[in-house]
Every structure is written in C-alpha cells, then in structure tokens.
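S.K.: Sequences and hints are given; from them, build the entire structure.
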Amino acid sequence: MILGKVVGTVVSTVKADDLAGARYLLVDKSSQRGEIKGDYLVALDLIGANRNELVMISESTSARETPLTVSKPIDAIIVGIIDVIDENDKIVYKK
Amino acid sequence: MILAKVIGTVVSSQKAQNLDGVKFLLLEKIDPVTLKGKNDYVVSIDSVGAGIGEIVFYVSGSSARFTKATEGKAADSAVIAIVDFIEKDGVYTFQKNK
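Keeping their order, the protein sequence lines are chains A and B.
Its first residue numbered 233, the first sequence is counted upward by one per residue in our numbering.
Its first residue numbered 12, the second sequence is counted upward by one per residue in our numbering.
Calculated from the structure, these hints are not laboratory results.
Careful: at least some of the hints might be erroneous.
[Said to hold, decoys possible] Mimicking DSBU-like on lysine-lysine, the simulated pairs with C-alpha atoms at most 35 Å apart in a straight line are:
| no. | chain 1 | residue 1 | chain 2 | residue 2 |
| --- | --- | --- | --- | --- |
| 1 | B | K40 | A | K261 |
| 2 | A | K326 | B | K49 |
| 3 | B | K109 | A | K261 |
| 4 | B | K47 | A | K247 |
| 5 | B | K16 | A | K261 |
| 6 | B | K40 | A | K247 |
| 7 | A | K327 | B | K47 |
| 8 | A | K269 | B | K47 |
| 9 | B | K49 | A | K269 |
| 10 | A | K261 | B | K34 |
| 11 | A | K327 | B | K40 |
| 12 | A | K269 | A | K327 |
| 13 | A | K247 | B | K107 |
| 14 | A | K247 | B | K16 |
| 15 | B | K79 | B | K34 |
| 16 | B | K99 | B | K109 |
| 17 | A | K247 | B | K99 |
| 18 | A | K247 | A | K269 |
| 19 | B | K34 | A | K269 |
| 20 | B | K99 | A | K327 |
| 21 | A | K247 | B | K109 |
| 22 | B | K109 | A | K269 |
| 23 | A | K326 | B | K47 |
| 24 | B | K84 | B | K47 |
| 25 | B | K99 | A | K261 |
| 26 | A | K261 | B | K107 |
| 27 | B | K49 | A | K261 |
| 28 | A | K261 | B | K84 |
| 29 | A | K247 | B | K79 |
| 30 | B | K40 | A | K326 |
| 31 | B | K99 | A | K326 |
| 32 | A | K322 | B | K99 |
M.R.: This is how it looks when you write it as structure tokens:
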C-alpha cells in the first residue's frame with residue numbers, strides 16, 4: 233500500500249461506476265513522516281477518512297476486493313486511516 | 012484514479028479485433044491544483060461520453076475492463092468520470108462551466 237494525505241474531494245455526477253454516494257477524495261502521496269509530495273491521485277473512500285488524515289491506499293486489482301467495489305472500474309481505494317508510524321524505534325508520524 | 016484533461020481523440024482502424032466500436036481519447040495528466048498539463052499522455056477508452064477540454068479521471072490496469080464500453084476488451088485504461096468540482100483545502104481548484 234502507499235501512504236497519502238487527504239487534501240480535498242473530487243465531485244463527479246457523470247460516471248461509469250454507478251457507485252451511488254461514493255466519496256472520491258483527492259489524496260497527495262506522502263512519506264511515512266506525513267510529508268506531502270505534490271503527486272496527486274483520486275481514491276475512493278469507504279471508511280470515512282477526513283481532511284489532512286494520513287491514509288493507506290490500495291491500488292490496481294486489489295481495489296476491487298471490497299463488497300462495494302467488486303467488479304467496479306475502480307483502481308484506488310483508501311483502506312486505512314493511520315494513527316502512528318514508527319521507524320527504527322522512533323515515532324515518525326502520530327495522528 | 013488519475014486526473015486528466017481530454018485534449019483529443021485517437022482513431023485506429025487497424026487494431027485488435029475486439030476493440031471495434033470503441034472511442035479512444037487522448038488524455039493529458041494534470042496537476043489538480045494548477046490544472047496545468049504534466050506533459051504525460053495516455054490513450055484511454057471513453058465510457059462516459061467525455062468531450063474535448065473536459066476534466067476527467069481514469070482507471071488503469073484490469074479495473075479498466077469493468078465498464079460496459081471495455082468489458083472483455085484488450086484495454087488497460089478507461090475514463091470513468093467527468094469531473095464537476097475539485098476542492099482542495101476548502102477551496103475549489105476547478106469548477107465545471109465556470
């Protein structure tokens with residue numbers, strides 16, 4: 233999975249995947265320390281991630297491995313909100 | 012999914028048999044904050060009727076085959092949404108028809 237920070241939302245009414253009520257969040261890829269890279273993607277949010285939260289994103293085929301996204305044209309979903317990351321016994325990110 | 016702008020169409024008459032009757036769009040990846048093109052292009056199958064100049068996002072890889080337009084076709088990229096708004100940090104960076 234990759235790490236990213238939720239920075240915004242993307243709204244689209246005309247779409248192919250008919251995921252009613254799905255929230256598409258604008259995510260900026262980030263380091264394990266929460267530093268953003270200015271490299272954006274759109275990810276489907278199924279777990280209620282909020283702005284500025286560090287999240288874990290699954291991409292490609294695995295994005296369809298949830299009840300809501302099975303056989304849907306989706307290739308990036310938020311699978312977890314990060315609380316803490318430690319690196320070499322040092323906390324580098326805390327929510 | 013990756014944000015992009017539809018900047019053209021691609022026509023191919025000699026192609027994989029199962030790609031008949033499919034509309035190919037030329038997309039340029041964009042930065043969602045500045046809306047500037049990233050000089051990075053992809054050919055993607057249109058499954059939502061996106062027009063030139065519209066901001067869209069597309070899926071890549073196997074997920075691209077899960078739209079009606081691309082089911083069972085040799086396609087690894089499909090435009091799945093026409094974007095109305097992009098909001099970042101509480102500010103609209105893109106609003107359609109504005």
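S.K.: For the pair we were handed, K99(B) and K261(A), check the Cα-Cα distance against 35 Å.
M.R.: holds, 14 Å
S.K.: K49(B) and K269(A): Cα distance at most 35 Å?
M.R.: holds, 15 Å
S.K.: Does K109(B) sit within 35 Å of K247(A), going by the straight-line distance between their CA atoms?
M.R.: Holds, because 20 Å separates the two Cα atoms, which is no more than 35 Å.
S.K.: When you check the alpha-carbon spacing of K34(B) and K269(A), does it fall within 35 Å?
M.R.: holds, 34 Å
S.K.: Hey, K47(B) versus K247(A), does the alpha-carbon distance stay inside 35 Å?
M.R.: holds, 23 Å
S.K.: Does K84(B) lie within 35 Å of K261(A) when you go C-alpha to C-alpha?
M.R.: holds, 31 Å
S.K.: Does the structure keep K109(B) and K261(A) at a Cα separation of 35 Å or less?
M.R.: holds, 28 Å
S.K.: Has the given pair, K261(A) with K34(B), been kept, meaning a C-alpha gap of at most 35 Å?
M.R.: With a Cα-Cα distance of about 31 Å, the restraint between K261(A) and K34(B) holds, given a limit of 35 Å.
S.K.: K322(A) and K99(B): Cα distance at most 35 Å?
M.R.: Holds, at about 31 Å.
S.K.: K79(B) and K34(B) were given as a pair; does the straight-line alpha-carbon distance stay at or below 35 Å?
M.R.: holds, 12 Å
S.K.: Run the distance test for K247(A) versus K269(A): straight-line Cα separation, threshold 35 Å.
M.R.: Cα-Cα ~28 Å, so holds.
S.K.: Holds or violated: K40(B) with K247(A), Cα cutoff 35 Å?
M.R.: holds, 18 Å
When held up to the earlier numbered hints, the structure conflicts with none and fits them all.
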